[in-house]
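Kindly generate the complete structure, drawing on both the sequences and the hints.
Protein sequences, first through last, are from chains H and F. Mapping the first sequence onto our numbering, position 62 (from 1) lands on 62, and the numbers just tick up by one. Mapping the second sequence onto our numbering, position 106 (from 1) lands on 106, and the numbers just tick up by one.
Honestly, the hints are just simulated from the structure, not real lab data. Computed from a predicted model, the values in this text were never measured in an experiment. Each hint should be verified, as a subset may be incorrect.
Because identical chains share one entry, a pair is satisfied inside a single copy or across any pair of copies.
Unchecked claim - Calculated cross-link-like contacts (lysine to any residue; reagent style SDA-like; alpha-carbon spacing at most 20 angstroms):
1) Lys-52 with Leu-186
2) Lys-16 with Arg-74
3) Lys-16 with Arg-80
4) Lys-21 with Ser-66
5) Lys-36 with Ala-154
6) Lys-218 with Leu-206
7) Lys-228 with Glu-239
8) Lys-217 with Glu-137
9) Lys-76 with Leu-206
10) Lys-76 with Lys-228
11) Lys-16 with Ser-73
12) Lys-228 with Arg-84
13) Lys-76 with Arg-15
Now for the letters of each chain:
2 protein chains.
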Amino acid sequence: MAGTKRKPADKGASRKSLYNKVAHDLGQRIVRGDYKPGALLPNEAECGQIYKVSRTAIREAVKMLSAKGLIQSRPKIGSRVEPRNAWNLLDRDVLSWYCTTVDFQRFANDVQQIRMMIEPEAAALAALHRTAGQFVEIEAAYQAMADAVGDEAAWNVADVRFHLAVLNASGNEFIPPFGRVIESLLANLFSVTVAHLRNRMKVLPLHLAILEAIRVKKADRARDAVRKLLQTTQKTIDEGGKLGLSGKAKARKASAKQKDKAFSKV
Amino acid sequence: MAGTKRKPADKGASRKSLYNKVAHDLGQRIVRGDYKPGALLPNEAECGQIYKVSRTAIREAVKMLSAKGLIQSRPKIGSRVEPRNAWNLLDRDVLSWYCTTVDFQRFANDVQQIRMMIEPEAAALAALHRTAGQFVEIEAAYQAMADAVGDEAAWNVADVRFHLAVLNASGNEFIPPFGRVIESLLANLFSVTVAHLRNRMKVLPLHLAILEAIRVKKADRARDAVRKLLQTTQKTIDEGGKLGLSGKAKARKASAKQKDKAFSKV
DNA sequence: AGCAGTTCAATCATCAGACAAATGAGTTTC
DNA sequence: GAAACTCATTTGTCTGATGATTGAACTGCT
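Right, dumping it as structure tokens:
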């Protein structure tokens with residue numbers, strides 16, 4: 001066993017603390033299915049040897065994973081992987097680990113279904129309950145989108161900002177959290193749906209329609225405008241799915257696997 | 001009121017490990033606003049003195065809270081409470097802490113709005129995509145409700161089971177997690193909405209209608225049936241809110257505060 | 001004064017080692 | 001055969017020490 005020291009060569013991963021890296025690696029393994037629900041993780045001492053860290057670091061990682069519902073620890077038993085329905089799938093990290101394991105087409109479909117349930121109603125509520133300040137933020141987000149039509153990265157940021165601003169204006173405390181989950185999911189979708197300038201120019205006026213409906217406080221019109229936008233998105237996904245665009249998702253998977261291997265090399 | 005009352009929940013709490021109790025207490029304090037976003041927690045050594053536990057236990061608690069997005073720890077800085085929009089409000093624990101801090105009437109309204117967005121569509125999807133096995137579970141849950149009409153506690157369990165069974169049958173991986181969040185919220189609502197036998201007898205046939213629609217795979221009918229049920233629930237909430245029923249929520253708040261005080265006595 | 005670079009100190013991060021508590025499984029006892 | 005007991009394993013908790021990070025104070029120069 002050649003003790004190849006992991007030097008702070010690559011800043012991205014090595015900036016994180018040890019327990020964070022362990023948690024991330026274990027979490028990914030669990031979600032991916034390396035440790036299946038009901039299975040036991042190696043005990044803390046063994047884990048420490050595997051990851052070449054102290055028991056303390058392992059324990060802190062385990063605590064994070066148990067806080068996310070992935071595992072449960074008990075004396076004499078060990079750390080057992082919880083059934084999937086106990087997982088906090090709406091947690092940022094869990095979700096991101098999960099995204100790398102599922103089929104892209106199905107993933108996109110499920111996300112769109114959820115958006116179709118929440119966003120139109122949220123927009124309708126926003127039209128009714130928005131404050132002046134909330135509307136300003138929606139407007140600013142729209143402006144940012146318009147300014148970023150030529151810049152894919154900036155567009156993505158502005159797009160997410162727009163949708164979140166609408167959800168925030170709904171006046172329902174529980175909608176923005178849902179929205180932030182969707183946001184994580186969107187990050188994976190956008191790379192497909194707005195990759196082409198043509199698509200961005202197509203959906204910009206649809207966003208404007210939402211903005212306008214909320215401005216004049218017409219709930220029904222806002223709901224319909226969002227529905228229309230989502231339908232367009234859906235169409236883009238369907239078309240993209242038939243082409244090689246799903247390759248992006250696969251590339252994501254592969255890189256995740258590779259990174260993981262580099263760390264734990266078990 | 002002497003503090004001699006031993007509730008089963010209390011016993012459950014005292015069985016928990018130290019780091020768990022600390023995490024629970026700190027989490028509740030943060031969500032309640034004792035430590036506001038941007039504020040710093042006492043450093044680990046001080047926390048250890050406050051709670052009379054070792055730094056290890058404090059650290060493990062802190063890791064759990066940071067996994068839930070409530071705080072972030074950095075060397076030289078300390079543990080800073082994150083802005084509310086970083087909180088994982090859809091986490092079981094965070095949600096339960098949160099529930100004790102908000103106004104009941106508003107809380108109930110927001111939850112109903114969310115249910116109105118998700119459950120009808122989920123039922124429609126269930127009608128289209130359900131497997132035979134999933135339908136059996138829905139049927140079993142309904143039967144359990146019917147059998148438990150006279151028993152409030154058993155009814156609540158069966159009621160949640162029914163709704164979750166429907167969500168599970170939707171075929172969308174992301175809906176059951178949303179459902180489990182709603183389930184936590186429901187636990188707080190049910191105590192109000194089904195407190196009376198009369199209410200239970202009123203909503204039982206509404207559940208049957210949902211079951212039937214899913215059985216014969218009529219999406220629209222399923223959607224409408226769920227809407228009707230939720231409207232009835234809404235009406236009950238509105239009526240209850242005008243009476244003294246919201247007192248229950250207040251009682252919950254008080255007991256939570258008391259319990260917390262007993263533990264940390266800061 | 002104003003700025004850049006350096007030093008310092010507070011705090012978390014990590015480690016090592018020990019003992020306590022919980023509990024499943026095997027063993028004994030009746 | 002069932003209940004009680006013992007034992008071994010694993011997590012839970014504590015202690016004390018050292019490393020790493022980084023905001024803030026300090027220093028020296030222009």
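Next on the checklist: Hints numbered earlier in the text: which of these fail when held up against the supplied structure?
Outcome noted: Violated hints (numbers, rising): 1, 5, 9, 10 and 12; every other hint is consistent with the structure.
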